[in-house]
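Peer 1: As a plain string of letters, each chain reads:
Protein chains: 2
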Amino acid sequence: MTFKIGLLGLGTVGTGAARILLDPEQRHSLLPELQIQRVGVRSLAKPRQVELPPACFTTDLKAIVTDPEIEIVVEVLGGLEPARSLILAAIAHGKHVVTANKAVIARYGDEIYTAANQAGVYVMLEAAVAGGIPVIQPLKQSLGANRVHTVTGILNGTTNYILSRMQQEGGDFSEILADAQRLGYAEADPTTDIDGLDAADKIAILASLAFGGRIKLSEVYCEGIRQVSAADIAYAEKLGFVIKLLAIAHRAGKSRHSPDQDQLEVRVHPTLVPIAHPLASVNGVYNAILIEGEPLGQVMFFGPGAGAGPTASAVVSDLINIAALLKAGLAAGHSSEEVAVHPLLICAHQHYCAVAPMSELNTRFYVRLRTLDHPGVLGKLGTCFGNYGISLESLVQTGVHNEQAEIVVVTHRVCEGDFHQALDEIRSLDAVDSVPSLLRVLQ
Amino acid sequence: MTFKIGLLGLGTVGTGAARILLDPEQRHSLLPELQIQRVGVRSLAKPRQVELPPACFTTDLKAIVTDPEIEIVVEVLGGLEPARSLILAAIAHGKHVVTANKAVIARYGDEIYTAANQAGVYVMLEAAVAGGIPVIQPLKQSLGANRVHTVTGILNGTTNYILSRMQQEGGDFSEILADAQRLGYAEADPTTDIDGLDAADKIAILASLAFGGRIKLSEVYCEGIRQVSAADIAYAEKLGFVIKLLAIAHRAGKSRHSPDQDQLEVRVHPTLVPIAHPLASVNGVYNAILIEGEPLGQVMFFGPGAGAGPTASAVVSDLINIAALLKAGLAAGHSSEEVAVHPLLICAHQHYCAVAPMSELNTRFYVRLRTLDHPGVLGKLGTCFGNYGISLESLVQTGVHNEQAEIVVVTHRVCEGDFHQALDEIRSLDAVDSVPSLLRVLQ
Numbered sequence: 000m001t002f003k004i005g006l007l008g009l010g011t012v013g014t015g016a017a018r019i020l021l022d023p024e025q026r027h028s029l030l031p032e033l034q035i036q037r038v039g040v041r042s043l044a045k046p047r048q049v050e051l052p053p054a055c056f057t058t059d060l061k062a063i064v065t066d067p068e069i070e071i072v073v074e075v076l077g078g079l080e081p082a083r084s085l086i087l088a089a090i091a092h093g094k095h096v097v098t099a100n101k102a103v104i105a106r107y108g109d110e111i112y113t114a115a116n117q118a119g120v121y122v123m124l125e126a127a128v129a130g131g132i133p134v135i136q137p138l139k140q141s142l143g144a145n146r147v148h149t150v151t152g153i154l155n156g157t158t159n160y161i162l163s164r165m166q167q168e169g170g171d172f173s174e175i176l177a178d179a180q181r182l183g184y185a186e187a188d189p190t191t192d193i194d195g196l197d198a199a200d201k202i203a204i205l206a207s208l209a210f211g212g213r214i215k216l217s218e219v220y221c222e223g224i225r226q227v228s229a230a231d232i233a234y235a236e237k238l239g240f241v242i243k244l245l246a247i248a249h250r251a252g253k254s255r256h257s258p259d260q261d262q263l264e265v266r267v268h269p270t271l272v273p274i275a276h277p278l279a280s281v282n283g284v285y286n287a288i289l290i291e292g293e294p295l296g297q298v299m300f301f302g303p304g305a306g307a308g309p310t311a312s313a314v315v316s317d318l319i320n321i322a323a324l325l326k327a328g329l330a331a332g333h334s335s336e337e338v339a340v341h342p343l344l345i346c347a348h349q350h351y352c353a354v355a356p357m358s359e360l361n362t363r364f365y366v367r368l369r370t371l372d373h374p375g376v377l378g379k380l381g382t383c384f385g386n387y388g389i390s391l392e393s394l395v396q397t398g399v400h401n402e403q404a405e406i407v408v409v410t411h412r413v414c415e416g417d418f419h420q421a422l423d424e425i426r427s428l429d430a431v432d433s434v435p436s437l438l439r440v441l442q
Numbered sequence: 000m001t002f003k004i005g006l007l008g009l010g011t012v013g014t015g016a017a018r019i020l021l022d023p024e025q026r027h028s029l030l031p032e033l034q035i036q037r038v039g040v041r042s043l044a045k046p047r048q049v050e051l052p053p054a055c056f057t058t059d060l061k062a063i064v065t066d067p068e069i070e071i072v073v074e075v076l077g078g079l080e081p082a083r084s085l086i087l088a089a090i091a092h093g094k095h096v097v098t099a100n101k102a103v104i105a106r107y108g109d110e111i112y113t114a115a116n117q118a119g120v121y122v123m124l125e126a127a128v129a130g131g132i133p134v135i136q137p138l139k140q141s142l143g144a145n146r147v148h149t150v151t152g153i154l155n156g157t158t159n160y161i162l163s164r165m166q167q168e169g170g171d172f173s174e175i176l177a178d179a180q181r182l183g184y185a186e187a188d189p190t191t192d193i194d195g196l197d198a199a200d201k202i203a204i205l206a207s208l209a210f211g212g213r214i215k216l217s218e219v220y221c222e223g224i225r226q227v228s229a230a231d232i233a234y235a236e237k238l239g240f241v242i243k244l245l246a247i248a249h250r251a252g253k254s255r256h257s258p259d260q261d262q263l264e265v266r267v268h269p270t271l272v273p274i275a276h277p278l279a280s281v282n283g284v285y286n287a288i289l290i291e292g293e294p295l296g297q298v299m300f301f302g303p304g305a306g307a308g309p310t311a312s313a314v315v316s317d318l319i320n321i322a323a324l325l326k327a328g329l330a331a332g333h334s335s336e337e338v339a340v341h342p343l344l345i346c347a348h349q350h351y352c353a354v355a356p357m358s359e360l361n362t363r364f365y366v367r368l369r370t371l372d373h374p375g376v377l378g379k380l381g382t383c384f385g386n387y388g389i390s391l392e393s394l395v396q397t398g399v400h401n402e403q404a405e406i407v408v409v410t411h412r413v414c415e416g417d418f419h420q421a422l423d424e425i426r427s428l429d430a431v432d433s434v435p436s437l438l439r440v441l442q
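Read top to bottom, the protein sequences are chains A and B. Every letter in the first sequence is one number past the one before it in numbering that gives the first Met the number 0, and letter 379, counting from 1, is 378. Every letter in the second sequence is one number past the one before it in numbering that gives the first Met the number 0, and letter 273, counting from 1, is 272.
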């Protein structure tokens with residue numbers, strides 16, 4: 000059988016996918032049955048790094064998603080539009096969709112999966128999270144026996160690269176960011192990566208799969224790495240931690256305010272990770288996802304989170320899975336057919352998960368304060384924290400410069416709301432000059 | 000719908016699986032449709048740690064695999080017989096099979112998959128390799144776009160526990176083995192684990208999936224950890240390595256003797272692993288599998304390789320997958336029906352892979368020699384290795400005791416056959432007393 004593919008976009012990932020499809024030897028035996036029929040690009044004149052018949056190419060992307068001969072549309076354009084509209088048009092025309100677009104799925108997953116379920120087509124997205132690491136498929140097909148309680152990921156290669164270099168070189172954020180931009184590890188406009196937005200999209204997708212409900216992206220707390228300083232990395236190291244940008248989704252139990260409602264925590268922020276933790280040694284552009292549940296305990300998936308080859312590997316895996324389903328008659332080859340679908344590969348849930356506000360989060364904190372070098376400052380801080388029921392793991396005066404002392408505090412688990420109240424009171428103390436850093440610590 | 004299960008065995012893994020099935024809340028929504036119909040045990044009198052109706056139990060295991068009401072048989076007996084015969088009988092009666100039995104699959108996979116393909120049933124084995132870590136399903140469904148060239152695993156928890164403790168404590172093999180037995184981490188008869196046989200079964204299964212051909216277990220080279228000494232672990236550490244029992248399957252390219260034949264290397268042996276390698280930090284009873292291919296690069300799967308909970312998680316995952324296929328009409332519910340099967344979940348290959356003899360292996364070696372403390376010994380060794388074209392990475396005289404010197408040599412990549420010839424010549428040198436250790440080094 001031959002399954003005809005329409006490829007939207009021939010950038011890095013599209014080119015990588017086309018290369019695999021054109022060179023199937025020693026790969027899966029279904030690959031030769033997948034055929035690139037049309038390729039939608041912005042410019043026909045641009046030279047391409049992969050050999051495809053010139054007749055394949057078109058700048059009319061809409062013509063691809065409506066082409067009756069095409070069964071599977073691969074969307075590797077990136078960005079929100081026209082990607083979203085083209086995906087919806089492809090679904091409306093009965094095409095299965097493979098996408099690497101985390102931004103579209105995290106924002107419009109509800110609309111897209113509702114349409115896909117109505118049309119009886121699959122929307123596959125292994126490439127959208129953690130590049131070449133299989134994590135979507137394992138969550139859908141391999142971990143269902145478990146009560147998953149936590150998914151913790153290093154999901155953004157750019158920030159992990161920058162933090163790893165800051166750790167290794169003792170350098171400052173801005174100079175290493177500039178170098179990463181020069182070397183191609185960070186974009187000219189690095190906002191999406193650096194401010195945690197990319198990781199937020201990805202953890203929203205993983206949380207949705209792990210906890211079986213949709214996630215409102217606006218409810219995902221998101222804090223980037225701009226404020227992580229060389230000083231904090233050095234203090235963290237002394238205390239036995241490394242600093243990583245973690246994306247965390249956690250089944251938090253009942254709401255503090257609505258005790259009959261189960262809530263999730265879904266958040267992205269720089270985090271102090273104990274050096275012996277499996278995620279602590281994930282460095283450079285690598286990604287890793289730790290999934291914890293009962294009775295499994297913990298499993299971790301580690302690998303390249305981006306790049307043409309790894310991302311294309313995930314795209315083509317999805318294509319092989321759809322081809323297998325089409326071959327077995329478990330996917331309609333045309334929009335007019337009605338067939339059964341594979342229950343583990345569709346997105347069946349339609350409700351939204353309740354996400355707890357950050358003020359209800361229970362976590363540990365690392366805080367660095369500048370105070371006057373007066374006797375009794377430590378005591379005042381301790382009293383202030385104590386008044387809010389905040390128990391401290393360590394409270395260390397680390398040095399004195401210009402009559403100012405630097406104090407680093409690590410708390411036990413506290414309620415985030417209580418902690419901020421205590422910190423507001425501490426900020427107002429005469430002896431306290433400023434609070435340069437506030438970071439969370441992995442429990 | 001309800002899918003009726005016959006459970007063969009209610010030991011650790013069987014009890015773990017039953018517990019999950021009886022407590023489906025917050026797990027996959029298909030779980031309540033899976034129902035334990037019969038449980039085959041050796042003794043009806045034995046107290047059980049899971050509540051099942053007494054009428055479920057039988058000592059007549061054959062009656063379970065022939066019961067027309069049962070659609071899926073879960074084999075968690077372990078051992079070769081009666082497991083093999085019961086699996087074959089279940090298949091002959093049109094039942095799908097979920098097994099955790101690496102020994103049966105590694106030895107009788109050919110017979111079992113041929114029968115399963117004829118009967119149109121699935122034989123699922125996620126639990127057979129690396130316990131709770133999803134690796135079978137990712138190999139079948141997520142990595143097919145790649146030309147996999149190497150699978151490297153820490154696949155046996157007992158040996159990894161012993162080697163980790165030897166590393167941490169500087170202790171000797173036999174005393175730590177005894178302690179591991181006392182603590183329940185090693186069996187009273189530890190042969191299967193310690194001598195690498197368990198890991199050999201598992202790498203044969205992984206190689207078969209990764210390279211799309213069956214593997215003759217007798218062609219898997221297998222060397223255990225009995226000869227790994229505290230001295231070698233200490234030397235390895237000084238040289239920047241840790242010693243792990245690795246199971247390796249590698250696409251070796253053309254045969255040296257039959258240049259038109261592609262060959263695999265499939266082997267289990269203690270190995271010096273560079274400390275920065277992702278597998279080096281996998282300690283204790285944890286397992287990990289590193290899969291390398293093009294264009295993916297490398298991905299690693301890490302988690303608990305054994306234990307009731309993790310293994311049961313894998314068993315029940317397979318059950319959920321079969322239930323999903325039955326529900327979608329992609330699996331016959333009874334032996335008389337003929338339906339399409341899912342192409343990625345059957346074992347379609349029927350040829351055997353060619354496995355290269357160890358003499359053709361190209362690898363690096365670590366060798367420890369005892370020599371007389373004479374000037375010129377190092378020179379003689381160097382000349383001898385040089386005569387066989389063996390290039391050395393390091394050659395270090397590490398100490399002198401009782402007029403004997405200890406010399407540790409690490410080679411660059413050499414052909415194993417050539418290396419053994421050189422070593423035979425070295426053993427015959429007057430200045431050489433003995434060769435206490437010979438280990439391979441990960442490239």
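Any given hint could be a false lead.
When chains are identical, the list treats them as one kind, so a pair holds in a single copy or across two.
To be verified - Straight line, CA to CA, 20 Å or less: simulated SDA-like cross-link-like pairs of lysine to any residue:
no., residue 1, residue 2
1, Lys3, Ala102
2, Lys61, Ala230
3, Lys45, Leu441
4, Lys326, Arg426
5, Lys326, Asp417
6, Lys326, Val340
7, Lys326, His348
8, Lys253, Glu24
9, Lys326, Ala347
If you're looking for bench data, these hints aren't it; they were derived computationally from the structure.
Peer 1: Evaluate each hint against the coordinates.
Peer 2: Quick rundown of the hints versus the structure:
1. Lys3 with Ala102: neither (26 Å within a copy, 42 Å between copies)
2. Lys61 with Ala230: For lysine 61 and alanine 230, the Cα distance exceeds 20 Å both inside one copy (52 Å) and across copies (68 Å).
3. Lys45 with Leu441: neither (48 Å within a copy, 44 Å between copies)
4. Lys326 with Arg426: neither (65 Å within a copy, 61 Å between copies)
5. Lys326 with Asp417: Neither: 57 Å inside a copy, 49 Å across copies.
6. Lys326 with Val340: So lysine 326 and valine 340 pass the 20 Å test inside a copy (13 Å) and across (9 Å) alike.
7. Lys326 with His348: between (26 Å within a copy, 17 Å between copies)
8. Lys253 with Glu24: between (53 Å within a copy, 15 Å between copies)
9. Lys326 with Ala347: between (23 Å within a copy, 14 Å between copies)
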